[in-house]
Amino acid sequence: MKNLILNFALVAFISLGAGACKEKEEKDETATATDTMETAGVSADFNVNVDESTILWKGSKPLGSHNGTIALASGTVMVKDGAPAGGKFSIDMNTITDLDLEGQMKDNLEAHLKGTVEGKEGDFFNVTEYPFASFEMTGVTEADGTTMVNGNLTIKDKTNPVSFPAAISVEENMMTLKSEPFTIDRTKWGVNFGSKSIFDNLGDKFIDDEIELTISVVANKS
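Take 1 as the starting number for the sequence shown in this note's numbering and just add one per residue.
Among the hints, erroneous ones may be present.
[Unchecked claim] 25 Å max Cα-Cα, derived SDA-like pairs, lysine to any residue: (1) Lys61 <-> Ile198; (2) Lys205 <-> Trp57; (3) Lys106 <-> Glu210.
[As the list claims (entries may be wrong)] Each pair of labels, with its calculated beta carbon distance range: (4) Thr76 <-> Leu202: 37 to 45 Å; (5) Leu202 <-> Asp157: 21 to 29 Å; (6) Leu202 <-> Ser43: 43 to 51 Å; (7) Asp81 <-> Lys196: 40 to 48 Å; (8) Met78 <-> Gly103: 40 to 48 Å; (9) Thr183 <-> Thr138: 15 to 23 Å; (10) Thr187 <-> Asn49: 17 to 25 Å; (11) Glu142 <-> Val117: 39 to 47 Å; (12) Lys196 <-> Gly139: 33 to 41 Å; (13) Leu56 <-> Ala83: 23 to 31 Å.
Calculated directly from the structure, the hints in this document are not laboratory data.
The structure displayed is predicted, hence computed values, not measured ones.
The C-beta atom is built at its ideal place from N, Cα and C for all residues, glycine as well.
With these hints in hand, go ahead and build the complete structure from the sequences.
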């Protein structure tokens with residue numbers, strides 16, 4: 001009889017111990033899953049509002065400068081933990097517009113930039129062959145208190161890395177990005193017309209290699 005009672009007590013003790021271990025394992029698994037979710041973070045896609053987004057451009061030469069706009073065709077920004085983590089943008093090169101001229105002079109400059117003038121297709125952007133440019137955002141970094149957007153810009157099927165300073169705001173349903181003016185060297189994308197670094201007989205009739213850009217993007221949560 002005493003042995004029976006002892007055996008029963010032993011079985012009960014083992015059962016209680018096993019139950020406690022199982023409960024601890026379940027709690028550990030729950031904690032691990034929570035930790036994983038917190039580590040992974042929260043991400044969401046934001047679609048670019050092309051009507052409220054634009055690219056300002058400025059080109060200069062010794063006797064003056066021209067400026068205008070280019071429109072975005074589409075774009076998506078991935079936001080993770082409240083900050084942009086990546087994105088892709090398509091730029092409609094057919095929308096190159098000059099803002100400082102009027103009438104025939106405006107039309108002539110826009111046609112030359114787009115390459116729609118016979119015999120001058122390759123001088124600048126040749127939109128018939130290359131209707132779209134693109135920018136792939138690879139990340140956002142902080143340097144000396146300045147937010148830097150990093151990515152790869154493709155124009156005329158040539159891709160080069162670019163970085164530019166920008167102010168970025170992310171709200172629940174909207175993201176805005178406004179860059180400071182920055183420059184790119186157009187010759188890296190094969191836009192060589194009037195470049196004194198390519199041609200040595202231009203005198204003062206050259207066009208600066210650097211194009212100034214200012215990017216403004218508004219995107220809404222999808």
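Structure-based check of all given hints:
Restraint check for Lys61 and Ile198: the C-alpha separation of about 15 Å stays at or below 25 Å, so the hint holds. Simply put, Lys205 and Trp57 have alpha-carbon atoms about 20 Å apart, close enough for the 25 Å limit, and the pair holds. In summary, the hint linking Lys106 to Glu210 is supported, as the alpha carbons are separated by about 21 Å, within the 25 Å threshold. Restraint check, Thr76 to Leu202: a C-beta distance of roughly 41 Å satisfies the suggested window 37 to 45 Å.
Distance hint check for Leu202 and Asp157: the Cβ-Cβ separation is about 26 Å, which falls inside the suggested range of 21 to 29 Å. Against the hinted window of 43 to 51 Å, the Cβ-Cβ separation of Leu202 and Ser43 comes to about 50 Å, which satisfies the hint. The supplied range of 40 to 48 Å is met by Asp81 and Lys196, whose beta-carbon atoms lie about 46 Å from each other. As the Cβ distance of Met78 to Gly103 is approximately 44 Å, the hint placing it in 40 to 48 Å holds.
About 20 Å separates the C-beta atoms of Thr183 and Thr138, a value consistent with the hinted range of 15 to 23 Å. In this structure, Thr187 and Asn49 break the distance hint of 17 to 25 Å, their C-beta atoms being roughly 33 Å apart. The hint said 39 to 47 Å for the Cβ distance between Glu142 and Val117, and at roughly 45 Å that hint holds. Under the hint 33 to 41 Å, the C-beta atoms of Lys196 and Gly139, about 34 Å apart, fit the expected range.
In this structure the supplied range 23 to 31 Å holds for Leu56 paired with Ala83, their Cβ-Cβ distance being about 24 Å.
In this structure, only the earlier hint numbered 10 is contradicted, and the remaining ones agree with it.
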